[in-house]
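Top line first, the protein sequences correspond to chains A and B.
According to the numbering used here, the first sequence is numbered sequentially starting from 1.
According to the numbering used here, the second sequence is numbered sequentially starting from 1.
It cannot be assumed that every hint is accurate.
Each pair of labels, with its calculated beta carbon distance range [claimed, not checked]:
1. B:V328 / A:S121: 39 to 49 Å
2. A:I214 / B:V454: 53 to 63 Å
3. B:A248 / A:S121: 26 to 36 Å
4. B:W203 / A:A84: 26 to 36 Å
5. A:G44 / B:A248: 18 to 28 Å
6. A:Q91 / B:S33: 49 to 59 Å
7. B:Y457 / A:R216: 48 to 58 Å
8. A:V48 / B:E22: 55 to 65 Å
9. B:L36 / A:I214: 44 to 54 Å
10. A:Y51 / B:T318: 20 to 30 Å
11. A:A55 / B:I254: 46 to 56 Å
12. A:R216 / B:G74: 37 to 47 Å
13. B:D393 / A:P142: 34 to 44 Å
Don't read these hints as lab results, they were simulated from the structure.
In this text, a Cβ means the ideal position worked out from N, Cα and C, and glycines have one as well.
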Amino acid sequence: MTTHAHEGPLQHHFDDLRQQYEAANMGMWAFIAQEIMFFGGMFGAYTVYRYKYMAAFVEGSNSLPIQWGALNTAILIASSFTVAMAVRSAQLGHARAILNWLLGTMVLGVAFLGVKVIEYSHKWHHHLIPSRDFRYEGLLDPGQMKIFYSFYFAMTGMHAIHMIIGIGLMFWLIPKIRRGTYSADYYSPIENFGLYWHFVDIVWIFLFPLLYLIGREPWISI
Amino acid sequence: MTTTTTAINESPTVTKTNGRQESYLNASYGIRSWLLTLDHKRIGVLYLICITAFFMIGGVFAGLIRLELTTPQGDLVSSETYNKLFTMHGVMMIFFFLIPSVPAVLGNFILPIMIGAKDVAFPKLNLLSWYCFLAGGSLAFLAILLGGIDTGWTFYTPYSSTYSNSWVGLALAGVFINGFSSILTGVNFLTTVHKMRAPGMTWFRLPLFIWAQYATSLIMVLGTPVVAITLLLVLLERVFGIGIFDPALGGDPILFQHMFWFYSHPAVYIMIVPGFGVISEVIACFSRKAIFGYSFVAFSSLAIALLGFLVWGHHMFTTGQSLYAGMVFSFITFLIAVPTAVKIFNWTATMYRGSISLDSPMLYALGFIGLFLIGGLTGLFLSTMATDIHLHDTYFVVAHFHYVMVGGMVMAFLSGIHFWWPKMTGRIYNEGMGKTGAILIFTGFNLTFFPQFVLGYMGMPRRYHVYPEEWQGLHIMSTAGAIVLAIGYALLVFCLLYSLFRGERASANPWKAKGLEWEIPSPPTLHNFDSIPIVTSEAYAYEEEDVTLAEKAAADATEEVAH
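Only chain B is shown next, with the shape it has when bound in the complex:
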């Protein structure tokens, strides 16, 4: 993207204070300057710190689950404790890590810069969203400390509303408050993309990351309030026994499932569509090509967001839902595979004849494509009603959504973190360590979750910690994989933290990438741009530059011949 601000890096207006480059990191100091900041970049960093903490808490539970499952007997923890372990793993990972991961961290940091804005439209609401997130996460964490919750992350009634004796109310309150954080982020991004684009930044010049965030924000704004009211009704039922969801009181538990999945299925797309945006950026940069079929990739995000609201019933094929409703839900679920496949095909087409370099972000992106493909295709097994009856609530489902959520979203998030880390921190991490981490995570992930497809197909139900002895081999493979995965994550955290202290200073554009964020210094200054950029070309103009270079080389050659 060529703009009038290309000269900023060299521009003398970047003032040096004590010989250091001025940036958002040293614009002010002290804990207050962070906790009361209205800067979208600092809020993104605050989110990053918090979701990493929640990821580690969720990861500890995952580790305990895998440890318990190495033996067929329930010998490490009791059944009650096991119920709590998988519930708290799910609640922490879904509500407090996956949902805010790409939008709230990378989106907050990069989105305003990408469209040439000085900040999001509502900086105060942005800070408020972080506090809602922190408050919600703290309540959920408090519920864990006090003794945990055992309903499963889905809070199915009437167990959650009437019978469970664990800290359901507190956890529900935490998830409810956290919902405000999603909604505020969504409202902010929608408005920012509509109203804050720099001159010349037309809709079809937007980086695909922005389209993905936009589609995600629509889901956040339209889906989150429905789960909010649903969980509120569960809370009221728990406190007052109002009887809306408990059949013993005249209520309907299936209604709860409809209302819950009306949000929570679109929420699955909150947990993957922003990742698609990251992958588009990374694939284009490391293939040195414009994304193949830009408008198809852009609109497929919107199509997924829209269709995502019409498929919730595929979680309920084995409930009392009408068979005919089930058929419609099944068909629309197949339909979602179309825009998703458009993305996968277009990314591979982008790489075709590109000059691919395998840096860490690209390794994660390639891992994403492979793993997400498996996750997506196994989703089709589950959206077929007949096979779902067999596979429902087995480890096949567990493996499927981990391939989508971890193999998809976590890989995309890590790809994005590695891609924009030099921009966020101004430091270059050790590429060798980064690549080793990516390979370890990819290997460990497959070793952990591929055996679970087999286990599920053979009939191992999810949420059980006692199983027949003949499945122990596969479970041991899975646990061994989890250890590799944990080492991979530890290496990645070490690699990034180490770069903060020992890493080389990053130039404005270490990847030679296109996009407004690469035309300002690393790390950016407080207000992002010294002057408002004017955009004059499409996104991903990688080939133009290479053509110019080739022409120049050819011209040089002719000149030499002439001499």
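Pulled out of the complex, with its shape left as it was, chain A reads as follows:
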């Protein structure tokens, strides 16, 4: 064992790139397992209250703007495609293509957050932010409605924070791609970023039906 710390992408404590790649990959999957449990706690609590306050949750779902939710679903599915293409380009060692696909992913991610800002500000104007200022004039118990919106904001908010972290990760990756750090031999950061981004997309794939779709009556206009 010589003392040189880094020679190329291989870190000193690994024997070869294969081992390093497998370790990084496994670490990412373990991290995703952790994320599933984190979101799982919220999904579990959501299920309990949906069962308990069914009417309020149905009315809440009906009050959410489905067109914005659907648009965001489409945006995220598109971003799953772009990030998958970025990983593929990385495996082939096409640095220029990784860069372009990641920039595309970033644009889609920002678009998603933009739509979310529109939705949130809409709620803000209607005093539907769960706080001491919460106002609800319907027929149901305002406390129950507030719990629905609490879950809406907690779940979509936590998802949005994960999106923001994902975009931050791309800001960290892009200069490295430009410097030519990644090649067909060494691309695990891109691949693991892809895993993360797909995970965040999948969370939304569950959030969209739970919050916007189930219990929805299609003929009620927004």
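Dock chain B against chain A, hints included.
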């Protein structure tokens, strides 16, 4: 364990600088070289320093609690202050001492060496985990300095989310951030054990310490995020009044308890399973025998980790939880006694006809077996629903979990610290002082906590500082025990620190123990191994060596006779 690196100690490649042996301690100097280190050994030492500080803070609160309880009147502190004392004692000891104790200190230091790796898989995340721990601990400490928290370490809602006027938010933030440290350590250990084992180090050649750390890491990765989101929701409720856990707002406080215990019961196993790993190493070494039933001990760790996720409801027998759910939880809790008993029986079977030597680590390990046995068996009283109704929230519970946490985990941690101290520091501590410390701690511990079983059985509720006069005798015994315990801890700290300055230099293998960590110099060099070791035998090959020695002696004898 025989490996190709056995010759390292004598190998001339160990370069001498200024006549001193090169090691991870003198590889670089200065505060920056420690605070920015990526070396798993230095990070382990950083953790050791921090958890010792947090242990002392938690210990001061424990001392104040015992002092208050010497008289039946609430005369030393007010009720509010007393609430804060037991809360801060619990928060400090559980989140900032017990949970990181064995995994983050001993695990970080020894785990990569034991499997023949140069470092953990993600050294930067390892350092980040220490900073998360430090940040979380500092926030909790800040909450204490600003006036404290009074919710109990369990943060039960709606008191914590709505009514408490203490620094709950800050403490919650501290525990939340500290959660990242657990998760990062868990992810790191899982990956390291899977991907970084040296050639020949198959799963069933792993020391049992590694199996225990592996099981613990699973709990850390799968449990911690649930308590993180739960505490985050409490924080949101406190700030925005969202009403998920407050019945006045339509929320459900029992849901909080389910979510909290879904992590915090497995967390009890984070606080004991790594200790099992230490005990396996120490018992094997000081009995000079391989662990009896290796695979049973290995799989019992995994069984405990798995079953640990299915028993959280036994904390809630007296809440509005369904009776039938309670019965299931009670039954699964009994089931956990099986893998736990497997361990205890196998350790005693290991000692049977072993050549036992009673050095300090072994004294702590033997203390562990006795105390943990009492702690475990009284757990069965509490997992029986009918008796739990009587004993719930009494000092019986307090005594039970202190027998498990202090009698179990702290003893195991101290056993491990005494066992690997020569490896970590390169110094031998004074064995007489070490043994005296172990005996004092064992005596003081029993004197402190055994009377609490009696108190609890008679009905003394936990978290009260005023009690009927007839219980004063038992409380005075308990406080006297706490003083003995404190003297024991002080002696132990002195003994170890003294060894740093005056202790003899340790050889590579002062205990004649088996395992890769004993085949490299004490303290280890920066990259642990000069060349990657190749493992060719099972763990704990103590008997093979003794057989060879016996054969040699017999051969010598025959030779002598022949002459």
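List of violated hint numbers, smallest to largest: Numbers 6, 11, 12, in rising order.
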